[in-house]
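Asker: Single-letter residue listing:
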Amino acid sequence: MKVQKRKIFRTLSLFLCGTVLALSGCAASSAVDEVKEEKKESAEDSGETVKVGILHSLSGTMAISEVSLRDAELMAIEEINEAGGLLGKKIEPVIEDGASDWPTFAEKAKKLLQKDKVATIFGGWTSASRKAMLPVVEQNNGLLWYPVQYEGMESSPNIFYTGATTNQQIIPAVSWLLENRGKKFFLLGSDYVFPRTANKIIKAQLKAEGGELAGEEYTPLGHTDYSTIISKIKEVKPDVVFNTLNGDSNVAFFKQLKDSGITAKDLTVMSVSIAEEEIRGIGGDVLAGHLAVWNYFQTTDTPENKAFVEKYKKKYGEDRVTDDPIEAAYFAVHLWAEAVKKAGSFDVDKVKKAAGGIEYKAPGGTVKIDGETQHTWKIVRIGEIQPNGQFKELWNSGEAIKPDPYLKSYPWAKNLN
Amino acid sequence: MKNKTWLYWLFFLALFTAPFYLTEFRLSLLGKFLCFAIIAVGISLIWGYTGILSLGHGVYFGLGAYCMAMYLKLEDSRGHLPDFMEWSGVEKLPWFWKPFENPLFAIFSAIIIPVLLAAFLSYFTFKNRIKGVYFSLLSQAVVVVFVTLFIGKQEWTGGTNGLTNFSTVFGFSLSSPLTQIVIYLLTVLLLCFIFIFSRWLTRSRFGRVLIAIRDSENRVRFLGFNTTTYKVFVYSLSAAFAGLAGVMFVLQVGLISPAMMGIIPSIEMVLWVAVGGRNSLIGAIIGAIATNSAKSFFSENYPDIWLLFLGGLFISIVMFLPNGLAGLYESFVQRKGRRERRKNEAGSHVSRSVS
Amino acid sequence: MSILITQFFNGLSLGSVMLLIALGLAITFGLMGVINMAHGELIMVGAYMTYVIQQMFAKYLPSSIDYYYFLAIPVAFFVSAFIGWGLEKWLIQYLYHRPLDSLLATWGVSLILQQIARSIFGAPNVAVLPPSWLEGGVNFAGIVFPYKRLFILLFVLVCMLILYFYLNKTPAGRRMRAVTLNRDMASCLGISSRKVDAYAFAIGSGFAGLAGCALTLLGPIGPTIGTYYIVDAFMVVILGGVGKLIGTIFGAFGIGLVSTLTEYSTSTTMAKVVIFAMIIAFLQWKPSGLVSVKTRSLD
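Protein chains in written order, with the numbering used here: chain A, 626 to 1042; chain B, 522 to 876; chain C, 29 to 327.
One should not assume that every hint holds.
What the hints assert, rightly or not - The calculated lysine-lysine pairs, modelled on DSSO-like cross-linking and capped at a C-alpha distance of 30 Å, are:
no. : chain 1 : residue 1 : chain 2 : residue 2
1   : B       : K674      : A       : K1039
2   : B       : K553      : A       : K1039
3   : A       : K742      : B       : K553
4   : A       : K825      : A       : K808
5   : A       : K809      : A       : K890
6   : B       : K674      : A       : K859
Since the hints were made in silico from the structure, they are not lab data.
Please model the entire structure based on the sequences and the hints provided.
Answerer: What follows is the structure, given as structure tokens:
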């Protein structure tokens, strides 16, 4: 009898405990939400600040790349605030961690839009994170600025793309290689969406422009043994390896390629995901002589870039480097600010309407928002990696290239989609 | 006895009425956590009650979620090919995608596919008497196989991006708050049903055999029970729960990708149960909700510390609270009880009861 | 023909890497039965130590930078061993009778170590340049055998030999084997099993550090590299069978050869799927692995 009583009491209290714990957590936080919301509205009324969201992975595997984008965006916001703010308001960044986890990106984007009521979000790196945020920003009519080169085939009315689409990176690189390095291509990529889509485009382009496909290989993300792939490369003897490997795999691939006695003189490797930041983790010596294609290098010679690099290093440390996504994240903030100024409002629809045709003198050259696709016009640059980890520019497109995410202006790309 | 039932109802009533006192954003979070709670009940059944530690439940969750997501994707594309297939050069809808146009088939297979896989794997594994840590490590290998396949077969699964961007379910807009509230309530109902069912199961004769298997499998076998059948059944049942949780998860979050069925999410699922108390079904539910609330809170406020906190939580739970929050409470009551008893029965030694 | 030899060599080389990452685990998991999910992070510690030593040489002894590796090897061993010793002392010794719980607790440790590495060295990868005497390779009948891969093969061989002598020819090693075979009996005979456990765990962790040091030659060095190796390492040990080091050797080279051959004839993704599926299937057939200790005990 006693035991039973105790048992009842135990379960009873356990439930109370649990209920209180779970619900008080929720209720308390939503109470906090309400308080915050009230506060926020009053802040808006007094016209002091406007919130913008910054949503990158600050932890997890993608933190390697995304932390510096946050830094660049914060620097741009600081610049705007120092110059007097936007429409008389200071910009207040709300930083969130996407934790390299795609539902977290969706969740945090929702939080930024619904709870913090941010005017816009700057964020994302991987395609998966962008795809996760896309329905959220569309449903809530928010605004997202996505600063990384990607596979194209997308044009959401609520996203501005400041990184390169395929015709601003891959296609010019392939044409250049066909002209200067040879016809026989080996395609190597990590097994995910960007490399597969990119290689599909490359294959169509090779067919149209008289190239030859020597082989195509994909390795799982995080793969670290490339000895077999390198044997395959040696066997087919291509002129060019077009490399769309991601992150850590690049380190293993290039180290092992060098060991197997292949240097940049024997074989050109053209990479699309290796920028200055990644070179530091591989070593300039290992990569020296290989090529990469981007829209911006730290060594790009413009007065804006000189000031940008100097400022970035002064703020975050002499050992830091700048690269293409950092630059794209930086000028994304400025482009948004210009659009807001033109619209005279933070309202998403008005900003979107005003954004088309806006130009900005970015470190990598003048960029312009394409009103139709919401991508940016950018200059394409091919660079050779130097032992010190910097690029020497071999070629650039001279003028900014019009973004064409669906490759409508390329006849050979018709059958792709 | 009446009091206790009454309290269960109170707990679920509180969940049912959540739409009235939570903001839309918090409600969607809570809904997501409740999906996790469904998985947690299943893991508590196999780990806490039967002693099988599976580090592969992400796969069952993922399979369930993908089944539902396939239906949503097809409904969204309205007779066209899903967008990712077009880019991947697929000309025609693959045959195994076809039946998923029917939502009932999708939901049915979201349960039956994880169950079949779990039954197949566990039948051979348990029959060959692979158990303990070997089973845990094997279940991790299964995760690696599935994640690699799902990423590699991009033209069928959407690759790393997964399946996303759905608009309607049964013709209702997924973004409307009303649909979300209905889905939330359905999740609560499902959790309630699964909880009651599992509670009934663990209190039945079947449940006692499970506990006996956990404590000494060989003895149970010598008594003439076929332990394999019991283990396969309960393992498949927990896979079914995970599959169902996947269905509700996709409906609320609108996204599923291979990253969510990987090794790390699978281990996190075990953590929820460890935090709540592996031997307690309600503890598992509370653990799932509490851990994920903590995760949201910490990563909102101190993103850098989150990993340290998570790691510390793991260690301290295992070291100091092997029975989780439920155990914490229990030992508290026991200590109190002991003090009272010492007062009452001064001098008499209380022998440890077999629990 | 030459491609066959190359692939065979690649398989051996991959096998040697597998063996290296699994060697420490063969001691902590195979002999002691502790599931140490932080094993990958101990590899990471070894890799970072190599980086630190290289940086120090670059700063203070730039003339003899080519020989930093000889200092890096012992430092990587001892730092990892020290961390392992601490881990055993404060955490694992309480969990010997609860293997599933030690799995969870050490996973927590691995998260903490990752975050600490990220705080100290930053999230991006760091570069370790191999010593110049390991550049290049032997050219034999048109096939290049890179020095680094030969070095790792040799390195593994030396590690195995040392471990073999330690376990079989020294008093400390004999005590360790006695404790793994029958803990109670060994205690009765006056062996301090507590001490032996601590040593064994420290040595196993030290080997993880060595693996990290060697892997800097081939792969990336970052806070999350441990996660790339941990599952593979466990697969090697359970495939090989616990309790016998020879099983681990078979397991490692078996996986290495089969996976390079499959990879050559199909794709890397398929090779990974096939290897893991084969391991799962093989263990159904032989649950105790390739080589197992015969015992009459139930469980």
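Asker: Against this structure, judge whether each hint is valid.
Answerer: Verification of the supplied hints:
1. B:K674 to A:K1039: With Cα atoms ~24 Å apart, K674 of chain B and K1039 of chain A stay inside 30 Å; holds.
2. B:K553 to A:K1039: violated, 41 Å
3. A:K742 to B:K553: Roughly 22 Å separates the two Cα atoms, so the pair holds.
4. A:K825 to A:K808: holds, 17 Å
5. A:K809 to A:K890: Holds, because 16 Å separates the two Cα atoms, which is no more than 30 Å.
6. B:K674 to A:K859: holds, 27 Å
Hint compliance for this structure: hint 2 is the single one not met.
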